[in-house]
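Enquirer: Same order as they appear, the protein sequences are chains A and C.
Just so you know, this note's numbering puts 338 at position 338 of the first sequence, and the rest follows in order with no gaps.
Just so you know, this note's numbering puts 322 at position 322 of the second sequence, and the rest follows in order with no gaps.
Be careful, since some hints might not be right.
If chains are identical, the list can't say which one is meant, so a pair holds when it fits in one copy or spans any two.
Restricting the straight-line Cα-Cα distance to at most 25 Å, the calculated cross-link-like pairs of lysine to any residue (SDA-like) are [said to hold, decoys possible]:
#1 K112 to H366
#2 K112 to G365
#3 K112 to E45
None of these hints come from the bench; they were simulated from the model.
Listed below, chain by chain, are the residues.
2 protein chains.
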Amino acid sequence: MGGFNQAALLEAIRRGGGTVTRADLARVTGLSPQTVTNAVRRLLETGLVAEESVQRRAGAGPGRPGTTLDIVPDSKYAIGVHLDPATVVVVLLDLGGTVVATRSAPAPASEKPDDVLDVVAREVGAIVATSGVDVARVLGVGLATPGPIDRQRGLVLDPPHLTRWHDVPLRDEVARRTGFPTLLDKDVLAVAAAICWYPETGRPTDAAVVYVGTGVAMAVISGGEIVRGVSGNAGEAGHLSVGRPFGPCSCGREGCLGGVLSTGAILTNAGARGIHLAAATDEEVSPSLRADHAVDELGVLAGAGDAQALGFLNDMGEALGSAVVTVCQLLDLDTVVPSGPVWERLGPWLVPGLRRVLDGSPLPGHHAVRVLPTDQGINVAAVGAACLMLDDALTPKTTGLLLRV
Amino acid sequence: MGGFNQAALLEAIRRGGGTVTRADLARVTGLSPQTVTNAVRRLLETGLVAEESVQRRAGAGPGRPGTTLDIVPDSKYAIGVHLDPATVVVVLLDLGGTVVATRSAPAPASEKPDDVLDVVAREVGAIVATSGVDVARVLGVGLATPGPIDRQRGLVLDPPHLTRWHDVPLRDEVARRTGFPTLLDKDVLAVAAAICWYPETGRPTDAAVVYVGTGVAMAVISGGEIVRGVSGNAGEAGHLSVGRPFGPCSCGREGCLGGVLSTGAILTNAGARGIHLAAATDEEVSPSLRADHAVDELGVLAGAGDAQALGFLNDMGEALGSAVVTVCQLLDLDTVVPSGPVWERLGPWLVPGLRRVLDGSPLPGHHAVRVLPTDQGINVAAVGAACLMLDDALTPKTTGLLLRV
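Build out the structure end to end from the sequences listed, making use of the hints.
Expert: Structure follows, in structure tokens:
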């Protein structure tokens, strides 16, 4: 189990943020000091980890001498790609999780898989070339795509917002065109991976990660693990109930979260409430851009104190709260992390309604549910995809320990 | 990690059902043959495991010789207790999971914690005494109780159906009165433990376990693990939406699962539909018994082909299906396991509606959702509580491997 031990130690060193000694590692992993010493020697040889004498560190007080270990951020990199129906976002992360470069390009209007693959390959090549990072240090590419996917075979099946896509072998095609090892995951699960990765979000162990964009999705983190589901397609939240009629959903009902929180639903529902948005009648642009512009306008109205817009946003926040409460009750979660391009623009006016419903609802175990922001902004899915690649290459996996007799 | 290896091997031997050789164990665990040999020797010494020469086994074909390993069922036992608001059920399981004894007693009408504890201690003592099992072979007591609980401190907080209970230290009191190590878990999570334990249910890895009794609850199994939640109180399903108005819920809404599938809701809704149930006007018994008798009557009507009763049950099955679909979409589950005292009596008439909604709904990843029965009947929560005790004593835990820097 040398590989497992080594990966476990690397993860512990990363989480320690430069404060961890070999003795700490032996304590937290339960491995023998000798095993730790041997594994750390191998990590030092690979250059992933470096050591520093405690005495040399600024602010170190008196005490027993020791040597702390930290990862070497520029020893390895990972690329993350978010394939949104409208945009291709590419980020380059170092081993410490710092975003060292970001690129984005409009998705080809044709929506043809081949054209999209060309854009992905071009942008991946460009981000490595322009950043000056040694190709040999790039671990690989993490892809975040709309579902449903076949995770095992690396296929994108037939996403509702990419109507020309059917069983596209995205993982293998990106690997072939870029030359990098590639993995594929669903967009909202990549977002959850970013939430789990960064200490800034407090690494919630039991959380609902809400992503609001062209559609609405919700990933669940349970016991510190992302819930992927039996086929890797967890996260469909469009038909969660918001507890009362709101706006029409594709399923024909009136009280689904998808009928509240998506760019299209926002455009439709604003019109039904008599909120005038210029984007609604803009025939010059595509329906998806029209809906996206409507979100911008609604944010401007709310920022200007428009009472109708504020009331609408309050109701949307409460509707989200109602859906989230149901999930918190079922899975005993204590954290909600909203994210996504719609949330980035409208979040400040959605939080109060969300907060009010969370506070006013019976939740299991008598603990509060906190609403956490994410610091990764609109690139969170691409960042998460890169985190998945780092995780895949470096994080301990217990799979080999699980018994499948 | 000797303890971990030993427990992992015991679990693999149990799951193998008497077919596993040392070579198989080395293969599935990734441990070295020498480590397996040493750990198995210790298991043989404890008497938990016995070996059998393959040549001696009936029906063994030709092939390389070997020695298979199996657990010794009567080497250890666990007691399971289900504390239902109406009944105390106690079971005794052997290490192989066979229920060797069952007892039940009415819960004291006073509902006072002290009186309930007296009944539990008396029944636990009686099941050991009358079964003739050596007390030294009893690993301990697993308690399944209504939530919310404080799992860490072993408290039952304030269950809605046990109005006189408030922060009752049930775990420690049962341990004190019986002398056995005791653990406490929420009733529906104990049911899920039973589903995970027995090979007969195919050990679903991603399932919704529905329990219908005085109330309705749903435990989720995700990636082979029971979702417990941040405070051990997962499973609250009463406010999952059934997609349309049905019957009144305690929250004031009309479309909650709790307003459809609970004994009280069934009594109320049957009346509202003009289905005459004699129990409805029986003033001789308590409201909870009245509702329970109504379930019996409804089953009799359905069995006799009463069209109104069948229509009502069909609608209830569809309502359950609607709630289950939402959860399957969110968590990408492929299995539903309904259980509990109401399901035991009405299940056959609820399945078609449930099945129809599952088949007619868009589910992630294009896979079907199967409806599995449980073989444990109305004692499933008590059996599950005993399984939890067996698991706690004997199953590998990776906790020691997880890093908490």
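Enquirer: If a hint holds in the structure, say so; if it doesn't, say that too.
Expert: Verification of the hints:
In the homo-oligomer, the alpha carbons of K112 and H366 lie at most 25 Å apart only across protomers (22 Å), although the nearest pairing inside one protomer, at 50 Å, exceeds that limit. Taking the closest pair of Cα atoms, K112 and G365 come within 25 Å of each other only across two copies (22 Å); inside a single copy the shortest separation is 49 Å, beyond that limit. For a Cα distance limit of 25 Å, the shortest separation of K112 from E45 qualifies neither inside one copy, at 45 Å, nor across copies, at 65 Å.
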